[in-house]
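**Student:** What follows is the residue order along each chain.
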Amino acid sequence: MEKQLKVSAIKDGTVLDHIPSNQLFKVIDILGLNKSSNQITFGTNLDSKLLGKKGIIKVSDKYFESDDINRIALIAPQAKINIIHDFEVVEKRVLSIPSTIKGIVKCMNPMCITNHQPVETLFTTIVESPDFKLLCHYCERVTDKDNLKIISNTQ
Amino acid sequence: MPKHLISIHDFSRDEILKTLKAAAAFEQNPSQPIFADKVIASIFFEPSTRTRLSFETAANRLGARVIGFSDIGNTSVTKGETLKDTIKMVSNYADLIVIRHPLDGSARYASEVSSVPVINAGDGTNQHPTQTMLDLYSILKTQGRLENLKINMVGDLKYGRTVHSLLQAMSHFNPSFLFTSPDELKMPQEYKEYLKKLNIPYQETKQLSDGINDADIIYMTRVQRERFTDPIEYERVKNIYSLNLSMISNCKPNMKILHPLPRVNEISQDVDSSNHAYYFEQAENGVYTRMAIIALLLGVENL
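Protein chains in written order, with my numbering: chain A, 153 to 307; chain B, 7 to 309.
The hints are simulated quantities; they were obtained by calculation from the structure and are not laboratory data.
Watch out, some of these pointers could steer you wrong.
Below, in silico cross-link-like pairs of lysine to aspartate or glutamate (EDC-like), each with a Cα-Cα straight-line distance of 20 Å or less [unchecked claim]: (1) B:K203 with A:E280; (2) B:K203 with A:E292; (3) A:K187 with A:D219; (4) B:K90 with A:E272; (5) A:K244 with A:E292; (6) B:K94 with A:E272; (7) B:K27 with B:D43.
To list a few chain B residues with every Cβ distance to chain A over 12 Å, as calculated [stated by the list, open to error]: (8) Q230; (9) N260; (10) V270; (11) S280; (12) L303.
If the Cβ cut is set under 10 Å, some of the chain A residues that face chain B in the computed set are [to be verified]: (13) C259; (14) M263; (15) C264; (16) T266; (17) N267; (18) H268; (19) P270; (20) C291; (21) V294.
All C-beta atoms, glycine included, are put in the ideal place defined by N, C-alpha and C.
Whenever a hint applies, use it, and build me the whole structure from the sequences.
**Tutor:** Given below as structure tokens:
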């Protein structure tokens, strides 16, 4: 029996697979795909042996810079990135959390300057495998994984 | 030398020692009007009598003119001006900016926007590096060294930014620590882990009497009522953490008591006349230390 794809294949571009379903729209947000003019198909709550339910995003004719794509490691570390040429996977990329995070994440300290003035957040990543924490460049406080809030890209 | 002093980690061990050496030179000769052509901006977005007067005294002793404000009441901040715009404007007028601001991280941001050196005079509950520098100067001056000292930190070790910065700065000098605090105000785990990584020994106690006789420095801090959810607990703790003259009768002869001030009742008045009391001289040392920091950040190399 032929396996049917829930989200149709793309000829050229990038496939982001194994995204936790509840993070799918955040991934779209972080990558700024809501502003993209590329053809994008995505599915969510698809069955996954690994995650139970997963999301997938296929972006035609788009290849991300490592620095850009690595930003989603914050919320979807186990995501798989496949580069597609002529319907074939030509490269698989592994995500790694960037050593510094500019923007994207809100500092959890309510008294931090970044939460009161138009200042872009900046963090140093502290990896304590398998977890990570973000040290704020401004207030010097730590935002841990459980308190991670993504700044929306939609405005 | 770094361009700014925002956090005590901005200065290396050698840069700290260089600053303390310069402070000693200014103490020897406090009136050195080397900056008669300079303007120093002292911008205080929240009130702080001691720090502001200390900085302005330091600037005046260096011959510089001081501009600025001591609260935001009559400034364009009340009209909604951003910190960025205020700093951009002030850095066009002045050769150096001293800033106190209620938000954490505000001084770091100011240093990124400013075209002239910025000194952090306290950003919220985050850093107050010139206080740390004057604490180090006071320790060096009274003990003759910074290395291998036993330091007992007492009181609010959870929220007290002065103890956190001092702990980090002293970690260059092979100290050992005793942390004396009630359970509610214990030294946060992250600082204890920091010490563990550096193999710096520390112990913790709830009893003020435990760590007096073998300490070189007792660093007292104020236990603030607003830190407690239970007012009865506050009353109990407040009375326990009160140092009086009879408690220090068997201490080491070189032992000095430091306190960032203002003091309430954590040091009894009868301690003031003892030769172990050093908190008022400590405040005076702030002027020399701040002169040194200003001079070094304005590029003076030979003091």
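**Student:** For B:V270, is the shortest CB-to-CB distance to chain A above 12 Å, so the non-interface label stands?
**Tutor:** B:V270 clear of chain A: closest Cβ-Cβ about 24 Å, beyond 12 Å.
**Student:** May I ask you to check that B:N260 keeps its beta-carbon over 12 Å from the closest beta-carbon of chain A?
**Tutor:** holds (33 Å)
**Student:** Verify the proposed pairing of A:K187 with A:D219, using a straight-line Cα cut of 20 Å.
**Tutor:** Roughly 19 Å between the alpha carbons, so the hint for A:K187 and A:D219 holds.
**Student:** According to the definition I'm using, a residue is off the interface if its beta carbon is farther than 12 Å from all beta carbons of the partner; does B:L303 meet that for chain A?
**Tutor:** holds (20 Å)
**Student:** Any CB of chain B closer than 10 Å to the CB of A:C259?
**Tutor:** holds (8 Å)
**Student:** Does B:D43 sit within 20 Å of B:K27, going by the straight-line distance between their CA atoms?
**Tutor:** Roughly 24 Å separates the two Cα atoms, so the pair is violated.
**Student:** Confirm or reject the statement that B:Q230 sits farther than 12 Å, beta carbon to beta carbon, from all of chain A.
**Tutor:** Non-interface label stands for B:Q230: nearest chain A Cβ at 16 Å, farther than 12 Å.
**Student:** So, A:N267 near chain B? Judge it on the closest CB pair being under 10 Å.
**Tutor:** Since chain B brings a Cβ to about 8 Å from A:N267, closer than 10 Å, the hint holds.
**Student:** Does the CB of A:H268 sit less than 10 Å away from some CB of chain B?
**Tutor:** With a closest approach of 6 Å, the A:H268 hint holds.
**Student:** Any Cβ of chain A at or closer than 12 Å to B:S280, or is the non-interface label fine?
**Tutor:** Non-interface label stands for B:S280: nearest chain A Cβ at 36 Å, farther than 12 Å.
**Student:** Can the restraint linking B:K203 and A:E292 be considered satisfied, given a maximum Cα separation of 20 Å?
**Tutor:** Roughly 19 Å between the alpha carbons, so the hint for B:K203 and A:E292 holds.
**Student:** Is the shortest C-beta separation between A:P270 and chain B less than 10 Å?
**Tutor:** holds (7 Å)
Of the hints listed earlier, those the structure fails to meet are numbers 5 and 7, in rising order.
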